[in-house]
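**Student:** Sequences listed follow chains A and B, in order. In terms of our numbering, the first sequence opens at residue 9 and continues consecutively. In terms of our numbering, the second sequence opens at residue 14 and continues consecutively.
Among the hints, erroneous ones may be present.
Heads up, incomplete: computed chain B residues facing chain A, CB under 10 angstroms, no partners named [said to hold, decoys possible]:
#	residue
1	17
2	19
3	20
4	23
5	27
6	28
7	61
8	82
9	93
10	95
11	98
12	264
Since the hints were made in silico from the structure, they are not lab data. Glycine residues also receive a C-beta, built at the ideal position from the N, C-alpha and C atoms.
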Amino acid sequence: MIEIKNVTKHFGKLRVLNNLSLQMMKGECIALIGPNGCGKTTLIKSILGMVLPENGAIIFDGYTIKNDNEYRKHIGYMPQIGRYPENMTIGQVIDMIKGIRHEHTALDLDLFEQFELSKMLDKKMRTLSGGTTQKVSATLAFLFKPKVLILDEPTAGLDPIASEVLKRKIIEARDRGCLILITSHLLSELEDIVSQVIFMQEGNVVLHKDVNDLKIATGQETIARSIVHLLKMETV
Amino acid sequence: MIRILKYVAIDILKNKIVIAYTIMLALFSWSAFSLEDNAAKGLLTVLNIVLLTVPLVSVLFATIYVYNSNEFIELLVSHPVKRSMIWKALFIGLSLSLVTAYLIGVGIPLLIFADWGTALIMLAAGMLLSVISVAIAFLSCIFTRDKAKGIGISILLWLYFALLFDGIVLFLFFQFADYPIEKAVVFLSAWSPIDLCRILILLRLDVSAMMGYTGAIFKNFFGNSLGLVVSFTLLALWFLIPFLWSLRKFKKKDL
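Looking at chain A on its own, in the form it has when it is part of the complex (with noise of 0.2 angstroms):
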């Protein structure tokens, strides 16, 4: 569903994507994990096209993603850190988002009730805590029932209940069929959601592997320890 061929980008001198290629199949839910800087958030910001890569192609559905944007309907993102117009209520950021998307399709509103953003709509974006920010950016995410979901850090700074209830809808739309694409570093937190993993390093894709056979392979029973295991060996 999706695949990148041989995508590199600097950052000035930089290098944070190196050559890298990957795929992901549809009702495949991975987890991006890696240490900081190693090329993550580039990583999803090229595949929703804010990054522009000079090297390499992204293809969506059989379509490179070069010049377009209308593949981005089937895109839900959250960011890792949520930044919206300050001066805007979360009524008005909802409604315009909506207003832009324009489509006529039935909203997903569970996310929107479960996390009682209705009783916040006047609230202005800039006097909201981190979590509540989360909590918008995940509303965001899921209203458009997006075939792929892109969640950068979706758990950090949400309370446990508000958390839980994101990781009950992440399963929920696994078993719809979504490809969805979750970096964390709370790799217990992943633990019952994740079929893939793929581990970065330095802008490259050090290892791509489904979960079980991960598991098996290091004789490990969570996927934490089996990429300690891992590291551990490369190390030694």
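Following the hints, put chain B in place on chain A, whose structure we already have.
**Tutor:** Just chain B now, with coordinates in the frame of chain A:
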């Protein structure tokens, strides 16, 4: 694009700076016309105020607004919206609001006190100047990510166009007075939109003494009607080129 423009317009309308700017322009122009007993004198006063304040306020407001719209741009880019549409909507929204402020603030007194021909040319010049300032602001925004730097660049450009330029031309003229440099000076005057606007209006008013050096030569060179056409064309280029340049860069920018 209309949909994006709607949200930009709502946001700018909520901004009180544009309203304050309209009131300021209105105060200046009404008082200039009522203080002077003769409308032509009043017009010159208004002209000088307009040539200084319109570019300054427009360029500063537009620069700050674009930087503050960063979040708005980022939010939209992850949705199915063309990048060029976002940039164009911002440009049109800002230009429209500043042009409206100018039309209300300066336009009404102009139409009441000055003769219609002159008033219309002055209105056109002021509108063009507003749009040009917005285009220049867009260009300085796209060149640097740092807000303070961007505002600095904008102010420097204004300073250059509004104050330094005529001085430089005059200096060059004195330095090279022994040579036939008239043609070169006409060519030079195309390099400042504010000078072009001054020339445009003074060609119409026919007061060569006030034209500044470039203006006088411009008149000599082109005569009145050709001068008008040439200066309008140049002014149009002055907003088209910076804006299209910034648009090209924006399409390739990493957000």
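**Student:** Take the hints in turn and mark each one as holding or not.
**Tutor:** Results for each hint:
Given the 10 angstroms rule on beta carbons, the hint for residue 17 of chain B holds: about 7 angstroms separates it from the nearest Cβ of chain A. Below 10 angstroms, beta-carbon pairs count as interface contacts, and residue 19 of chain B has one with chain A at about 8 angstroms; its hint therefore holds. Taking 10 angstroms as the C-beta contact cut-off toward chain A, the hint placing residue 20 of chain B at the interface holds, the least distance being around 5 angstroms. Taking 10 angstroms as the C-beta cut-off, the interface hint given for residue 23 of chain B holds, the closest approach to chain A being about 9 angstroms.
Hint on residue 27 of chain B holds. Least Cβ distance to chain A is approximately 7 angstroms, under the 10 angstroms limit. With 10 angstroms as the threshold, the beta carbon of residue 28 of chain B comes within range of chain A, its nearest partner Cβ sitting at about 9 angstroms, so the hint holds. Hint status for residue 61 of chain B relative to chain A: violated, with the closest Cβ pair at about 35 angstroms, above 10 angstroms. At its closest, the beta carbon of residue 82 of chain B sits 7 angstroms from a beta carbon of chain A; the interface hint therefore holds under the 10 angstroms criterion.
Here the hint on residue 93 of chain B is kept, as its CB sits about 4 angstroms from the closest CB of chain A, short of 10 angstroms. Given hint, residue 95 of chain B at the interface with chain A, holds; its Cβ is 5 angstroms from that chain's nearest Cβ, closer than 10 angstroms. For residue 98 of chain B, the interface hint holds, since its Cβ comes within 10 angstroms of a Cβ in chain A; the closest pair sits about 9 angstroms apart. Residue-level restraint check for residue 264 of chain B holds (minimum Cβ-Cβ distance to chain A is 9 angstroms; threshold 10 angstroms).
Hint 7 from the earlier list is the only one contradicted by this structure; the remaining hints agree with it.
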